[in-house]
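Trainee: Top line first, the protein sequences correspond to chains A and B.
For what it's worth, UniProt numbering labels the leading residue of the first sequence as 1, then goes sequentially.
For what it's worth, UniProt numbering labels the leading residue of the second sequence as 1, then goes sequentially.
These are calculated hints, taken from the structure and not from any lab test.
Keep in mind that this is a model prediction, so the values were computed, not measured.
Errors might be hidden in some of the hints.
Derived EDC-like pairs (lysine to aspartate or glutamate); straight-line CA-CA distance at most 20 Å [claimed, not checked]:
1. A/K321 with A/D404
2. A/K89 with B/D404
3. B/K269 with B/E241
4. B/K89 with A/D404
5. A/K89 with A/E29
6. A/K198 with B/D184
7. B/K89 with B/E102
8. B/K92 with A/E401
9. B/K376 with A/D80
2 protein chains.
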Amino acid sequence: MFDKNEYIGRREVLSRKFNSGILLFLGNEDSPINFLHNTYRFRQDSSFLYYFGIQKSGLSAVIDIDEQQVVLFGDEMSIDDIVWMGRQKTLKEAAFDAGVLEVRAGSELVDYISYALKKKRNVHFLPPYRAENKTRLSALFNIVPDQVSGFASVAFIKAVVAQRSVKSEIELIEIDKAVSISADMQLLAMKIARPGMKESEVAAAIHMVALSEGGDLAYPIILTVNGQILHNHFYGNTLKEGNLVLNDSGAETEMGYAGDLTRTFPVGKTFNSLQREVYSIVLDAYSAAVGLLQADVQYLDVHRKACMTLAEGLKGLGLMKGNLEDAVSRGAHALFFQCGTGHMMGLDVHDMEDLGEQYVGYNDTILKNTSQFGLKSLRLGKELVSGNVLTVEPGIYFIPELIDLWEAKKSFSEYINYEKVKDFRSFGGIRVEDDFVITANGSRKLGKQLAISLDEVEEVRGSM
Amino acid sequence: MFDKNEYIGRREVLSRKFNSGILLFLGNEDSPINFLHNTYRFRQDSSFLYYFGIQKSGLSAVIDIDEQQVVLFGDEMSIDDIVWMGRQKTLKEAAFDAGVLEVRAGSELVDYISYALKKKRNVHFLPPYRAENKTRLSALFNIVPDQVSGFASVAFIKAVVAQRSVKSEIELIEIDKAVSISADMQLLAMKIARPGMKESEVAAAIHMVALSEGGDLAYPIILTVNGQILHNHFYGNTLKEGNLVLNDSGAETEMGYAGDLTRTFPVGKTFNSLQREVYSIVLDAYSAAVGLLQADVQYLDVHRKACMTLAEGLKGLGLMKGNLEDAVSRGAHALFFQCGTGHMMGLDVHDMEDLGEQYVGYNDTILKNTSQFGLKSLRLGKELVSGNVLTVEPGIYFIPELIDLWEAKKSFSEYINYEKVKDFRSFGGIRVEDDFVITANGSRKLGKQLAISLDEVEEVRGSM
Chain A
1 MFDKNEYIGR REVLSRKFNS GILLFLGNED SPINFLHNTY RFRQDSSFLY YFGIQKSGLS
61 AVIDIDEQQV VLFGDEMSID DIVWMGRQKT LKEAAFDAGV LEVRAGSELV DYISYALKKK
121 RNVHFLPPYR AENKTRLSAL FNIVPDQVSG FASVAFIKAV VAQRSVKSEI ELIEIDKAVS
181 ISADMQLLAM KIARPGMKES EVAAAIHMVA LSEGGDLAYP IILTVNGQIL HNHFYGNTLK
241 EGNLVLNDSG AETEMGYAGD LTRTFPVGKT FNSLQREVYS IVLDAYSAAV GLLQADVQYL
301 DVHRKACMTL AEGLKGLGLM KGNLEDAVSR GAHALFFQCG TGHMMGLDVH DMEDLGEQYV
361 GYNDTILKNT SQFGLKSLRL GKELVSGNVL TVEPGIYFIP ELIDLWEAKK SFSEYINYEK
421 VKDFRSFGGI RVEDDFVITA NGSRKLGKQL AISLDEVEEV RGSM
Chain B
1 MFDKNEYIGR REVLSRKFNS GILLFLGNED SPINFLHNTY RFRQDSSFLY YFGIQKSGLS
61 AVIDIDEQQV VLFGDEMSID DIVWMGRQKT LKEAAFDAGV LEVRAGSELV DYISYALKKK
121 RNVHFLPPYR AENKTRLSAL FNIVPDQVSG FASVAFIKAV VAQRSVKSEI ELIEIDKAVS
181 ISADMQLLAM KIARPGMKES EVAAAIHMVA LSEGGDLAYP IILTVNGQIL HNHFYGNTLK
241 EGNLVLNDSG AETEMGYAGD LTRTFPVGKT FNSLQREVYS IVLDAYSAAV GLLQADVQYL
301 DVHRKACMTL AEGLKGLGLM KGNLEDAVSR GAHALFFQCG TGHMMGLDVH DMEDLGEQYV
361 GYNDTILKNT SQFGLKSLRL GKELVSGNVL TVEPGIYFIP ELIDLWEAKK SFSEYINYEK
421 VKDFRSFGGI RVEDDFVITA NGSRKLGKQL AISLDEVEEV RGSM
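Working from the sequences, and respecting the hints, build out all of it.
Mentor: Have a look at this one:
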């Protein structure tokens, strides 16, 4: 946990945005795997963690604006709990460390909220993403579980997003740590991958790095010879000379902060010439995007710049043609780059995605394009401000199913040379990704240095 | 997946126990970590896996006894799914491989069940342990989520338990594999642990073994210098010369079968004399319990034998006194051995615990003792039959909080020498655990050989 003043300060900043009402925070429960007492690694809800810092299951809290009080609801360990799980900090101690002096039994939350609702007070809650909390909110507010999210408080969401979007110095230290551990994971994969190994062996080795540091993964590892499959969690393939390995993985620190990095490297010691060409295009797009990062720039423009750079490179390869400005604005490049250039990062790898992309990545003037293929997967579009932490992760992906679909419909045939695309059907995919913080003067790459240029990557691979 | 005839056969055996009605199976959903699309490793529900073998989220199925049909409900991948997650076996193909020819859209389940209920047909379901499935059942049957489990079908539970309790030859091959991977995990920990290492480093290394094999852990690793804390998932301590490391960990194979092993070893190369004495007692209890394993023996007697052997050893150490038969039957030994000697194992590490211990480990004549400390944590009591797979895991644990509590109440002071116990307050805990199948002639230890005697363990530690 950070110092208690950090949490007190955060809650005060939040409280000042409300004249009245109650802000309700539901922490996470333990998630059962295959029976009640066999649970996944506990992960506290990120907003709960941000305002209260306590990593225990079964908690909830309120900030009562009118009563000017903060109450934590939860139960102390019983002697049975101590026998089975060891003596830990009491809840009262943990609350004290978060600057909360009032702790009540978990069961008292129901009465607190019922009474407030009876008094016609406004109780704000955030949209739930876990079924347990949907059920709890459904019961507290007498709403059908499926419809609970629709009653979440937009004012509460916006206030939390505004605050969590700007990282403080002590948060940046944690994120730097997360990204450096992630860089260790990346370097290890780049060092140990050999022809004949299974993807699962490399994935297991880098997972170990995250665990050894006392945290875990920020998200499931993507480590695959099929880099064109964007969210690939299959690790059953064997690495073969000539393949590329795409490794998208990141650590979560003990404090809950995420890193998110991607590197693509050859299973052999060197890239072949076609791989070099495509890699160079992706790296150009990365550099062009990174070059634009600064306060007041719209991330939408960073994305456009990345797309344009990719499109120019693809035209050089003979895969695209025609007026590229038009091609990109109409979305033709999305045959090769189906997703967004980046997203916010912090306590969540896609920071605050549970609160809604429209609030985190967009605003009332910069609305998300929810229809155009490619843009609809861009999680961040609005102006950047100092303290934002985000990823830059352009890529080129050849997805046979998508190519076939578009070619059959003759989609964008004025911009795409489908004959030439046939040569790349089995190419796979390439992505590079780093994490940045927007600063007063531009941006700063987070975490330790990690091989990214063709030469740097081949140097690591050559030393194997 | 096993061959389709395996699943067809299992469903037929189950169906024959019902004259009419519908058996409803709900598969598991993806479990969100910190937002909807960042999910924990998917784990299918074990009963769904047993009867249908398909490891995909969002499925459900019915065996309609009257209509003599089996229907799988779920949705095929969209083109967006294929772009993001890659082309996989279609649901129709997966269903075919499980011997199911009828696949309907996921949304059609609601109508199927509504129609059946309208016709006053009996729809059997198993008790849910995940909130998503509580919500689904709540909506399907119009029951408050908290009360859904009370309406689960006892006939269905008993039929599933009867079938899953007796492992087939091909299941035993998988369990053997799970236990052998678990033995690799144990041996690695025993080989690499060094003074100065963090518990998390050793835990990470053995987690890697499970992942490398294409599966994962069967349950969260317990790897701790505080072995007296029975369900300890903290890995922040540093290993010190003189400490014992208790490692309770097991792999889950790709097919979903579990292994569950425990070894306790010194951080240095050798046990000290007191550790040797306590270890010997635990090993004697293990051997005595294993010696009793055979069909028709009540596991309650295996447990009693383990407890008696522990009590005799503890008397030898001067920690217990008086008539040990009485002491054990009244539960005095539970100050040192607070839990059960073993449990069923299979697709779940505590096999079928979601279906209810009273059905899995007990029956109508051998009821669980739910009040006596110690016995109330024994998950298995009934007669063993050939094909049962179970653990044997006696231990001795010195839990300061429990010692203080009992001593203050003068509990069992006729059997416990509290003065002498003081010398052991900081001893920690020792457990050894292996997995067995009951055979026609007795029992067989599962998995590859693994150091367990004092000499064997010291030999591994000495070679470090």
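Trainee: Each hint should be assessed against the structure and marked as holding or not.
Mentor: Results of checking the hints against the structure:
1. A distance of roughly 19 Å separates the Cα atoms of A/K321 and A/D404; the hinted pair therefore holds under the 20 Å criterion.
2. Pair hint A/K89 plus B/D404 holds up; C-alpha atoms about 18 Å apart against a cutoff of 20 Å.
3. Restraint check for B/K269 and B/E241: the C-alpha separation of about 9 Å stays at or below 20 Å, so the hint holds.
4. A threshold of 20 Å between alpha carbons decides the hint, and for B/K89 with A/D404 the separation of about 18 Å falls inside it, so the pair holds.
5. Restraint check for A/K89 and A/E29: satisfied, since their Cα atoms lie roughly 18 Å apart, inside the 20 Å limit.
6. Distance restraint check for A/K198 and B/D184: the Cα-Cα separation of roughly 18 Å lies within the 20 Å cut-off, and the hinted pair is therefore satisfied.
7. Simply put, B/K89 and B/E102 have alpha-carbon atoms about 16 Å apart, close enough for the 20 Å limit, and the pair holds.
8. Proximity of B/K92 to A/E401 is assessed by CA-CA distance (about 19 Å); at most 20 Å being required, the pair is judged to hold.
9. Our distance criterion of 20 Å between C-alpha atoms is met by B/K376 and A/D80, whose separation comes to about 12 Å.
Checked against the numbered hints given earlier, the structure satisfies every one of them.
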